[in-house]
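K.L.:
Residues per chain are reported as follows:
Protein chains: 2
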Amino acid sequence: MKFVKNALGRMVPAEIDGRAVRPFAGAHADLGGGKRYGGMIPAAAKYQNKLIKDIDAAIDACEIKDGMTISFHHHLRNGDYLVNLVMEKLAQRGLRDLVLAPSALFPTHGKLVEMIESGVISHIEGSMNGPIGKACSLGKMKKAAVLRSHGGRYRAIQDGDLHIDVAFIGAPSADSHGNANGLQGKSACGPLGFALADSLFADKVVVVTDHLVPFPCYPWSIEGGNVDFVVVVDSIGDPAQIVSGTTQITRSPTRLLIAEYAARFVKEAGIMTEANFSFQAGAGGVSLAFVKYMGDLMRQAGVVADFVRGGSTRYMVEMLEQGLTRYILDGQSFDLDGVRSLRDNPCHIETNPFVSYDYHTKGCFAQILKVSVLGATEIDLDYNVNVNTHSDGWLLHGIGGFTDAADAHCTMITAPLVRSRLPIVVDQVTTVTAPGEMIDVVVTEYGVAVNPRRQDLLDRLRGSSLPLRRIEELRQIALRMTGEPEKPQFAERVVAVVEFRDGTIIDTVRELIPQA
Amino acid sequence: MKFVKNALGRMVPAEIDGRAVRPFAGAHADLGGGKRYGGMIPAAAKYQNKLIKDIDAAIDACEIKDGMTISFHHHLRNGDYLVNLVMEKLAQRGLRDLVLAPSALFPTHGKLVEMIESGVISHIEGSMNGPIGKACSLGKMKKAAVLRSHGGRYRAIQDGDLHIDVAFIGAPSADSHGNANGLQGKSACGPLGFALADSLFADKVVVVTDHLVPFPCYPWSIEGGNVDFVVVVDSIGDPAQIVSGTTQITRSPTRLLIAEYAARFVKEAGIMTEANFSFQAGAGGVSLAFVKYMGDLMRQAGVVADFVRGGSTRYMVEMLEQGLTRYILDGQSFDLDGVRSLRDNPCHIETNPFVSYDYHTKGCFAQILKVSVLGATEIDLDYNVNVNTHSDGWLLHGIGGFTDAADAHCTMITAPLVRSRLPIVVDQVTTVTAPGEMIDVVVTEYGVAVNPRRQDLLDRLRGSSLPLRRIEELRQIALRMTGEPEKPQFAERVVAVVEFRDGTIIDTVRELIPQA
Numbered sequence: 000m001k002f003v004k005n006a007l008g009r010m011v012p013a014e015i016d017g018r019a020v021r022p023f024a025g026a027h028a029d030l031g032g033g034k035r036y037g038g039m040i041p042a043a044a045k046y047q048n049k050l051i052k053d054i055d056a057a058i059d060a061c062e063i064k065d066g067m068t069i070s071f072h073h074h075l076r077n078g079d080y081l082v083n084l085v086m087e088k089l090a091q092r093g094l095r096d097l098v099l100a101p102s103a104l105f106p107t108h109g110k111l112v113e114m115i116e117s118g119v120i121s122h123i124e125g126s127m128n129g130p131i132g133k134a135c136s137l138g139k140m141k142k143a144a145v146l147r148s149h150g151g152r153y154r155a156i157q158d159g160d161l162h163i164d165v166a167f168i169g170a171p172s173a174d175s176h177g178n179a180n181g182l183q184g185k186s187a188c189g190p191l192g193f194a195l196a197d198s199l200f201a202d203k204v205v206v207v208t209d210h211l212v213p214f215p216c217y218p219w220s221i222e223g224g225n226v227d228f229v230v231v232v233d234s235i236g237d238p239a240q241i242v243s244g245t246t247q248i249t250r251s252p253t254r255l256l257i258a259e260y261a262a263r264f265v266k267e268a269g270i271m272t273e274a275n276f277s278f279q280a281g282a283g284g285v286s287l288a289f290v291k292y293m294g295d296l297m298r299q300a301g302v303v304a305d306f307v308r309g310g311s312t313r314y315m316v317e318m319l320e321q322g323l324t325r326y327i328l329d330g331q332s333f334d335l336d337g338v339r340s341l342r343d344n345p346c347h348i349e350t351n352p353f354v355s356y357d358y359h360t361k362g363c364f365a366q367i368l369k370v371s372v373l374g375a376t377e378i379d380l381d382y383n384v385n386v387n388t389h390s391d392g393w394l395l396h397g398i399g400g401f402t403d404a405a406d407a408h409c410t411m412i413t414a415p416l417v418r419s420r421l422p423i424v425v426d427q428v429t430t431v432t433a434p435g436e437m438i439d440v441v442v443t444e445y446g447v448a449v450n451p452r453r454q455d456l457l458d459r460l461r462g463s464s465l466p467l468r469r470i471e472e473l474r475q476i477a478l479r480m481t482g483e484p485e486k487p488q489f490a491e492r493v494v495a496v497v498e499f500r501d502g503t504i505i506d507t508v509r510e511l512i513p514q515a
Numbered sequence: 000m001k002f003v004k005n006a007l008g009r010m011v012p013a014e015i016d017g018r019a020v021r022p023f024a025g026a027h028a029d030l031g032g033g034k035r036y037g038g039m040i041p042a043a044a045k046y047q048n049k050l051i052k053d054i055d056a057a058i059d060a061c062e063i064k065d066g067m068t069i070s071f072h073h074h075l076r077n078g079d080y081l082v083n084l085v086m087e088k089l090a091q092r093g094l095r096d097l098v099l100a101p102s103a104l105f106p107t108h109g110k111l112v113e114m115i116e117s118g119v120i121s122h123i124e125g126s127m128n129g130p131i132g133k134a135c136s137l138g139k140m141k142k143a144a145v146l147r148s149h150g151g152r153y154r155a156i157q158d159g160d161l162h163i164d165v166a167f168i169g170a171p172s173a174d175s176h177g178n179a180n181g182l183q184g185k186s187a188c189g190p191l192g193f194a195l196a197d198s199l200f201a202d203k204v205v206v207v208t209d210h211l212v213p214f215p216c217y218p219w220s221i222e223g224g225n226v227d228f229v230v231v232v233d234s235i236g237d238p239a240q241i242v243s244g245t246t247q248i249t250r251s252p253t254r255l256l257i258a259e260y261a262a263r264f265v266k267e268a269g270i271m272t273e274a275n276f277s278f279q280a281g282a283g284g285v286s287l288a289f290v291k292y293m294g295d296l297m298r299q300a301g302v303v304a305d306f307v308r309g310g311s312t313r314y315m316v317e318m319l320e321q322g323l324t325r326y327i328l329d330g331q332s333f334d335l336d337g338v339r340s341l342r343d344n345p346c347h348i349e350t351n352p353f354v355s356y357d358y359h360t361k362g363c364f365a366q367i368l369k370v371s372v373l374g375a376t377e378i379d380l381d382y383n384v385n386v387n388t389h390s391d392g393w394l395l396h397g398i399g400g401f402t403d404a405a406d407a408h409c410t411m412i413t414a415p416l417v418r419s420r421l422p423i424v425v426d427q428v429t430t431v432t433a434p435g436e437m438i439d440v441v442v443t444e445y446g447v448a449v450n451p452r453r454q455d456l457l458d459r460l461r462g463s464s465l466p467l468r469r470i471e472e473l474r475q476i477a478l479r480m481t482g483e484p485e486k487p488q489f490a491e492r493v494v495a496v497v498e499f500r501d502g503t504i505i506d507t508v509r510e511l512i513p514q515a
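Protein sequences appear in the order of chains B and Z. Position one of the first sequence corresponds to residue 0 (numbering that gives the first Met the number 0), numbered consecutively onward. Position one of the second sequence corresponds to residue 0 (numbering that gives the first Met the number 0), numbered consecutively onward.
Isolated chain B (complex conformation):
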């Protein structure tokens, strides 16, 4: 691998798997240019009957061969059956060197580790949560994995950087033409937007459903005109696990405090009462608490948001139902209230990574968003953020929409200052997921740090009772509690690259030498 230094001083490869890549040059340095991938021109006459007997027949019809790239979406989250089902069949056929390109994998997909070890799967281009990430850290993949944000994945597919041979799209509801959505059926999961790019640009698209409905299945989050085959199976997932994010507000006083600080920051900086207020917050205890506190403050001030962005949760749905926001713009449902609301409430709108997150568009929702509240595993004195690896070096998380949502006007990181006896504020992050120039505020239980680049925010907060601190102070407080933790030991080998949303390489993950 030939390496070059990027704008953050990280050494990154100039080429990945034979494809030339550019080093990260700044959050908004990329100005586009070139042509998107067009995709193949099909002919309608060849698509008279798309219903096909079973997954095996679909694999035959798609002529899947060694080395091909196979994709999946992750709206069924830890309840997904489809990835394992299809990959086991491909393994049984003796296929090798497949590139797996899911939008994300979860602990339920742990058995893929064997397929990585045996060479069925060469590597993964996609988010890896948990055991697959561990296997990647240990150098078990033949080639470097590629980590992308949700918007970055859409971009890579539309630009032709990630060519998908066959996309399998689990669909809670579909018709025989291939129109599909996630709103109806026993496996209803809400939006299907993570599969949109796959449907538009993959050579072959297989919709797999456990709920076949008469034509037309509407809304068609996935349009039949992009679908080759439709397979009906007994079940695409475990409904109880499909929406498996943290769905309860944290009870930890520390975390409640962090959420409260974050909401108060939005108010005291005057952002909440400006025109066109909007915010994004995900699942997880702190985020849910933030949504609740934010809602309380908005109610007191008589503020109605233009929109809030999900992943949708019960607390967002309550805001919509109570008139605190005009719309929810929803990329994925984290709980069943989110699914129900998306199905029944016309102001709860399904989005996809193209409209929300894709940097190679003529603008996307992320840059319209006022406030984005995000988590992190590490943040450093330059405000660079790591969400992929932990300080102990293990690759355990995908990027999700982090780098995309960080394009909001005010991006806030909420995190406890110390987690598992490791400081969250560090001198230099182990892995850079997002550059410090995108991060405006860090909220911990020991204080709130504002990026010095945002003097405007600091000015607005003069006289605030929030515990404002410099990030260096937070670092010192953390160090006093934990001492300097031992550094992980890495081998030379690059096991994963972290691609920024514009396609440039922002960092690498190196093989971890596990400590005894």
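None of these hints come from the bench; they were simulated from the model. Yeah, the Cβ is synthetic: ideal placement off N, Cα and C, and Gly gets one too. Some clues are possibly wrong.
Said to hold, decoys possible - Here are the simulated BS3-like cross-link-like pairs (lysine-lysine), alpha carbons at most 25 Å apart as the crow flies:
#1 LYS64/B <-> LYS34/Z
#2 LYS34/B <-> LYS64/Z
#3 LYS34/B <-> LYS34/Z
#4 LYS45/B <-> LYS369/Z
#5 LYS110/Z <-> LYS64/Z
#6 LYS45/B <-> LYS45/Z
#7 LYS34/Z <-> LYS369/B
#8 LYS64/B <-> LYS110/B
As the list claims (entries may be wrong) - FRET-style restraints, in silico, Cβ to Cβ:
#9 VAL303/B <-> GLN47/Z: 18 to 28 Å
#10 LYS34/B <-> ARG479/Z: 56 to 66 Å
#11 LYS110/B <-> ASP59/Z: 53 to 63 Å
Put chain Z on the given structure of chain B with help from the hints.
P.N.:
Showing chain Z alone in chain B's frame:
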């Protein structure tokens, strides 16, 4: 021009304006292949504020130059202001040789004839209804016009055959990001699907609205992520003229009889009572009457259609509201009831030419459709249909969705046998718009002819009381009434080519030598 003979024996050019084209080879002979046009890769960072002062500023920002291709949609029909507004400004700037690529033009655009004569407009790729068609017939365009169906236009744009430099999209409702629909505002026109391809593939996209709403404008028939600029003007059209199709059922006993025969045919052939019944019928007196008769027959038989396809009209909306169809799949609204229903009824669904009509998809709705009822200017003994020129040689109509909708399981032409003392059934059509292999039934007041290719339909109609006749008999009856009309005189020069939906050339239109 070098000519080749196509599968229907028509001599057609092998090249149009420097682009190699294939001769028509059969309705389903094209099997796809090659890559779609990808479109340019933009960068979101360049799109912070899309609102621009006025049309002039948009023209400046788009850097419109001589020879560029400029596009518009026609959902505002004869009430459209935008084509004239923009083209006048381009003419004032002294621009020349522009290619105009509207989805259709109407009589209100008659003043473009001057711009054609003066060289501002080189030629038109798009449908021309009325005066512009006449100008084309008289050879006033510098280059041959290209006529395409709605689906064929989408295909040409996605495949890169029709490259649009700048698309101006009139939007009855839009936000500052460029999200737009046709449902709200004083100029509400219903769907905006004819502009979808333009928005996806044009280099520059300008949304022009007279009703700016707060973000997010939803549904986003046009997605802001594809839009460069948003311009607010006083008015994009005359609401009274926007939905200007024939909105009254014919009172002519002859035409009522034709409509009744058509509906009875659908019933007596057993199509109405088969599973998954659906039909399409447009505006115009006979079509409206057909919809009404069809509804009556369905009501009597207790039949509920899976869907009916518009252009939507009051009569279709009544069917939906009375439970005679599960859905309306609507490509354009022909009257205000259509607009209202699309806005308010969740079972009235907006479609676009990609999902409905595009042959270069993995299947589209046209081929799912059971019955399609269409008009024609001529039909010949081989069942070839002409909808573009009249028997007197004048080019007066676009193709609309004719060639696309003709892919239905049963395509029926309804027409009076004689119109303006010219027979509709002729030996050979003046211009072939659609090949006879797609046409199954011709319904006139003097009888119903079934294409001999459809022996299955003839078998089903054994014992029917419908006046079944061979098409040759209809031809004889017509001739007895009109005598053999004088043939138009054409010059050698090709003034327009008729492109089939797959991109092949099915026929040409030659310059007309007007008779004194």
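K.L.:
If a hint holds in the structure, say so; if it does not, say that too.
P.N.:
Structure-based check of all given hints:
no.: 1; hint: LYS64/B <-> LYS34/Z; verdict: 22 Å, holds
no.: 2; hint: LYS34/B <-> LYS64/Z; verdict: 22 Å, holds
no.: 3; hint: LYS34/B <-> LYS34/Z; verdict: 12 Å, holds
no.: 4; hint: LYS45/B <-> LYS369/Z; verdict: 18 Å, holds
no.: 5; hint: LYS110/Z <-> LYS64/Z; verdict: 21 Å, holds
no.: 6; hint: LYS45/B <-> LYS45/Z; verdict: 41 Å, violated
no.: 7; hint: LYS34/Z <-> LYS369/B; verdict: 39 Å, violated
no.: 8; hint: LYS64/B <-> LYS110/B; verdict: 21 Å, holds
no.: 9; hint: VAL303/B <-> GLN47/Z: 18 to 28 Å; verdict: 24 Å, holds
no.: 10; hint: LYS34/B <-> ARG479/Z: 56 to 66 Å; verdict: 60 Å, holds
no.: 11; hint: LYS110/B <-> ASP59/Z: 53 to 63 Å; verdict: 59 Å, holds
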